[in-house]
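Peer 1: The chain contents come next:
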Amino acid sequence: MAESDHKARQEMLDMWRIYRTTKEMCRDRGYNVLPEECSISFDDFARKFGTESGAIARGQMNFSAIPSEDMVRKYTPPATPKVPNPEAAIGTLWVEFNADENIGMKNLREFIHHLLNGSYYSGIMIVVKPLSGMAMRGIRGASALNGGNGPKGGIEVFLEQDLKINITKHELVPTHLLLSTEEKAQLLKRYRLKETQLPRIQVTDPVAKYYGLRRGQVVKIIRKSETAGRYASYRWAI
Amino acid sequence: MPPKSILKKTPAAASTQTAVAVAANAPPPPRAVNQRHLNTAVHHARIYEQRKQVEADILDAVFELLDFPTSPDADPTRPSPSDAHRFRQAIVPFQPSDYDGLIEERNIADKCGYTLCPRPKGKAPSTARKQFVETSKGVQIVDRKRLEMWCSDDCARRALFVKVQLNEEPAWLRQGDYGTEIDLMVKNTEEHHEALPLRLKKTAAPAPKDTEEEDAAAAWAARDDALADLAIERGETPGRLSKVNKDLITDKIKERVVKFPPTPPSLPPQSSGQSHMAIEGHVPKSARDAEQAKDSDDEDDKQDWDKALPG
Numbered sequence: 001m002a003e004s005d006h007k008a009r010q011e012m013l014d015m016w017r018i019y020r021t022t023k024e025m026c027r028d029r030g031y032n033v034l035p036e037e038c039s040i041s042f043d044d045f046a047r048k049f050g051t052e053s054g055a056i057a058r059g060q061m062n063f064s065a066i067p068s069e070d071m072v073r074k075y076t077p078p079a080t081p082k083v084p085n086p087e088a089a090i091g092t093l094w095v096e097f098n099a100d101e102n103i104g105m106k107n108l109r110e111f112i113h114h115l116l117n118g119s120y121y122s123g124i125m126i127v128v129k130p131l132s133g134m135a136m137r138g139i140r141g142a143s144a145l146n147g148g149n150g151p152k153g154g155i156e157v158f159l160e161q162d163l164k165i166n167i168t169k170h171e172l173v174p175t176h177l178l179l180s181t182e183e184k185a186q187l188l189k190r191y192r193l194k195e196t197q198l199p200r201i202q203v204t205d206p207v208a209k210y211y212g213l214r215r216g217q218v219v220k221i222i223r224k225s226e227t228a229g230r231y232a233s234y235r236w237a238i
Numbered sequence: 001m002p003p004k005s006i007l008k009k010t011p012a013a014a015s016t017q018t019a020v021a022v023a024a025n026a027p028p029p030p031r032a033v034n035q036r037h038l039n040t041a042v043h044h045a046r047i048y049e050q051r052k053q054v055e056a057d058i059l060d061a062v063f064e065l066l067d068f069p070t071s072p073d074a075d076p077t078r079p080s081p082s083d084a085h086r087f088r089q090a091i092v093p094f095q096p097s098d099y100d101g102l103i104e105e106r107n108i109a110d111k112c113g114y115t116l117c118p119r120p121k122g123k124a125p126s127t128a129r130k131q132f133v134e135t136s137k138g139v140q141i142v143d144r145k146r147l148e149m150w151c152s153d154d155c156a157r158r159a160l161f162v163k164v165q166l167n168e169e170p171a172w173l174r175q176g177d178y179g180t181e182i183d184l185m186v187k188n189t190e191e192h193h194e195a196l197p198l199r200l201k202k203t204a205a206p207a208p209k210d211t212e213e214e215d216a217a218a219a220w221a222a223r224d225d226a227l228a229d230l231a232i233e234r235g236e237t238p239g240r241l242s243k244v245n246k247d248l249i250t251d252k253i254k255e256r257v258v259k260f261p262p263t264p265p266s267l268p269p270q271s272s273g274q275s276h277m278a279i280e281g282h283v284p285k286s287a288r289d290a291e292q293a294k295d296s297d298d299e300d301d302k303q304d305w306d307k308a309l310p311g
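Chains as they are written, first to last, in UniProt numbering: chain A, 1 to 238; chain B, 1 to 311.
Keep in mind that the hints were calculated from the coordinates and are not lab data. Honestly, I wouldn't trust all of these hints.
[Stated by the list, open to error] With a cut-off of at most 27 Å between alpha-carbon atoms, the simulated DSS-like pairs for lysine-lysine come out as follows:
1. A:K164 <-> A:K7
2. A:K169 <-> A:K224
3. B:K145 <-> B:K163
4. B:K8 <-> A:K194
5. A:K74 <-> B:K4
6. A:K194 <-> A:K74
7. A:K164 <-> A:K82
8. B:K52 <-> A:K184
9. A:K129 <-> B:K123
10. A:K7 <-> A:K189
11. B:K145 <-> B:K123
12. A:K169 <-> A:K129
13. A:K74 <-> A:K184
14. A:K82 <-> A:K224
15. A:K194 <-> B:K4
16. B:K163 <-> B:K187
17. A:K189 <-> A:K74
18. A:K184 <-> A:K224
19. B:K130 <-> A:K7
20. B:K4 <-> A:K220
21. A:K189 <-> B:K52
22. A:K209 <-> A:K152
23. B:K145 <-> A:K129
24. B:K187 <-> A:K152
25. A:K189 <-> B:K9
26. A:K184 <-> A:K209
27. A:K82 <-> A:K189
28. A:K220 <-> A:K152
29. A:K194 <-> B:K9
30. A:K74 <-> A:K129
31. A:K189 <-> B:K8
32. A:K129 <-> B:K4
33. A:K194 <-> A:K220
34. A:K209 <-> A:K164
35. A:K209 <-> B:K52
36. A:K224 <-> A:K209
Using the sequences provided together with the hints, build the complete structure.
Peer 2: Right under this line is the structure:
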């Protein structure tokens, strides 16, 4: 009995950490997240999402997030004569905590249906075990699924164990700042570069995944430097 | 605020400063497009596009076949002709690994791995990860996943019968029309053959030809048929990208102009009998030294003889 109690409590603790990291991740990306949601205490968390038996109810942890004005501005491409009022390439986000051990294309299809019904722009799925190979391939082309009507912003998948700690809080991880399209253009003009001449960062990089970087975006990385105090470098997500 | 230049302003630059600044910041003038490079790029882009299309088709097919068979009381030994036809059609671009993926997906959805079987997947005797199984070769240890793939051995046999017919080569690399017919293990074979569009061989017309003209026409028609067959064999199925790109091959033939009359080959002039020492025309130093020593010896002898002459 004590054994299972201990296990349930450990799982609750893990889920609390994962929940907080997820909220922080949404906040760092620029979605509107209340500060008290990022720093929810363990007791509050257990009261809110625990069942009477002490187990965790993952279904209740799902949430949606709306991008802040800053984020919308950052993701809006500059107006051109052809497109005078460009649409922002960002929208509401749906985050789902999935408790299933095996996740295949069936779950993926349900998830996409949910995103489309709720007219969400993008989705994040947080799973216990890695997805099946076919489902992974499905996610890569998620926006082309259902005959090209998939969620526009695509689907991201995170493993629970990858979110137990917030990697950006580690002392060896420098600050990453996403540049908007105008800032990127200004940078390239200032240094007279083509974007292909920038150093690169993979979109599968853990920090890039945390910030949800897309191909072609540029991040400014600010490191501490013994000689210069601060040192900024720029990387092109690829 | 535009970034300020750190370069020193020269008087000449100052007068035309705005123009220079614009010119310096402007992108380099666009280079003239090399038509051949453009063609090559377009050719490769088309190949990638076709590959992406095939991969999307496979994913869509997996999504569709996940829900097969269409009726819940279908019999895997006697599938309905429409289901069977769709299955056979959708499975053609699959590789064996894609087919394994389909089986895995169906198992996750708690269905038997064989696409035309409506029953749920089998249950292993216990929930252990590895299981002991009695086989003809003795007791074997098997993953629980593998035990729960099929509802019965019969379905396993039917599904693997399909798998061994799949082409190992990815669909976007396949040439020709081979392996597009997948057979199923079914009991109602006749029904399927009636329902499926049969590709009948053209019956040769044995009617005797009256005139030579008709003969010639028939010969030309036969040639066209043969060419069409060859095109299919090369992989130029209608609606698909041709593997032979005519744009990238130039067909201009350049004649060699003869400027002087040809001369028959002749042996190189013999130089003092060294040719037997030559290695591909080169005479090694040792051979050359030996030759020189012989020559100088002769001369010495001559001089000696001169000196020895009295008066």
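Peer 1: For every hint, state whether the structure bears it out.
Peer 2: Verification of the hints:
1. A:K164 <-> A:K7: 16 Å, holds
2. A:K169 <-> A:K224: 15 Å, holds
3. B:K145 <-> B:K163: Holds. K145 (chain B) to K163 (chain B) sits at ~18 Å (cutoff 27 Å).
4. B:K8 <-> A:K194: 25 Å, holds
5. A:K74 <-> B:K4: Distance ~25 Å between K74 (chain A) and K4 (chain B) Cα, so the pair holds.
6. A:K194 <-> A:K74: Since the Cα atoms of K194 (chain A) and K74 (chain A) sit roughly 21 Å apart, the hinted pair holds (cutoff 27 Å).
7. A:K164 <-> A:K82: At roughly 46 Å apart (the allowed maximum being 27 Å), K82 (chain A) and K164 (chain A) break the hint.
8. B:K52 <-> A:K184: 30 Å, violated
9. A:K129 <-> B:K123: 22 Å, holds
10. A:K7 <-> A:K189: 56 Å, violated
11. B:K145 <-> B:K123: Distance ~10 Å between K145 (chain B) and K123 (chain B) Cα, so the pair holds.
12. A:K169 <-> A:K129: With Cα atoms ~25 Å apart, K169 (chain A) and K129 (chain A) stay inside 27 Å; holds.
13. A:K74 <-> A:K184: 11 Å, holds
14. A:K82 <-> A:K224: Distance ~43 Å between K82 (chain A) and K224 (chain A) Cα, so the pair is violated.
15. A:K194 <-> B:K4: Judged against 27 Å, a Cα distance of about 20 Å means the pair holds.
16. B:K163 <-> B:K187: 19 Å, holds
17. A:K189 <-> A:K74: 19 Å, holds
18. A:K184 <-> A:K224: 22 Å, holds
19. B:K130 <-> A:K7: Answer holds: K130 (chain B) to K7 (chain A) is near 24 Å, not above 27 Å.
20. B:K4 <-> A:K220: Distance ~21 Å between K4 (chain B) and K220 (chain A) Cα, so the pair holds.
21. A:K189 <-> B:K52: Cα-Cα ~35 Å, so violated.
22. A:K209 <-> A:K152: Cα-Cα ~17 Å, so holds.
23. B:K145 <-> A:K129: Given that 27 Å is the threshold and the Cα spacing comes to 15 Å, the pair holds.
24. B:K187 <-> A:K152: Cα-Cα ~46 Å, so violated.
25. A:K189 <-> B:K9: Answer holds: K189 (chain A) to K9 (chain B) is near 20 Å, not above 27 Å.
26. A:K184 <-> A:K209: 20 Å, holds
27. A:K82 <-> A:K189: Holds: K82 (chain A) and K189 (chain A) sit about 23 Å apart, inside 27 Å.
28. A:K220 <-> A:K152: 26 Å, holds
29. A:K194 <-> B:K9: OK: K194 (chain A) and K9 (chain B) at ~26 Å, within 27 Å.
30. A:K74 <-> A:K129: Roughly 34 Å between the alpha carbons, so the hint for K74 (chain A) and K129 (chain A) is violated.
31. A:K189 <-> B:K8: 19 Å, holds
32. A:K129 <-> B:K4: 53 Å, violated
33. A:K194 <-> A:K220: Status holds; Cα separation ~16 Å.
34. A:K209 <-> A:K164: 15 Å, holds
35. A:K209 <-> B:K52: 24 Å, holds
36. A:K224 <-> A:K209: 23 Å, holds
Violation of the numbered hints given earlier is confined to hints 7, 8, 10, 14, 21, 24, 30 and 32; the remaining hints are satisfied by the structure.
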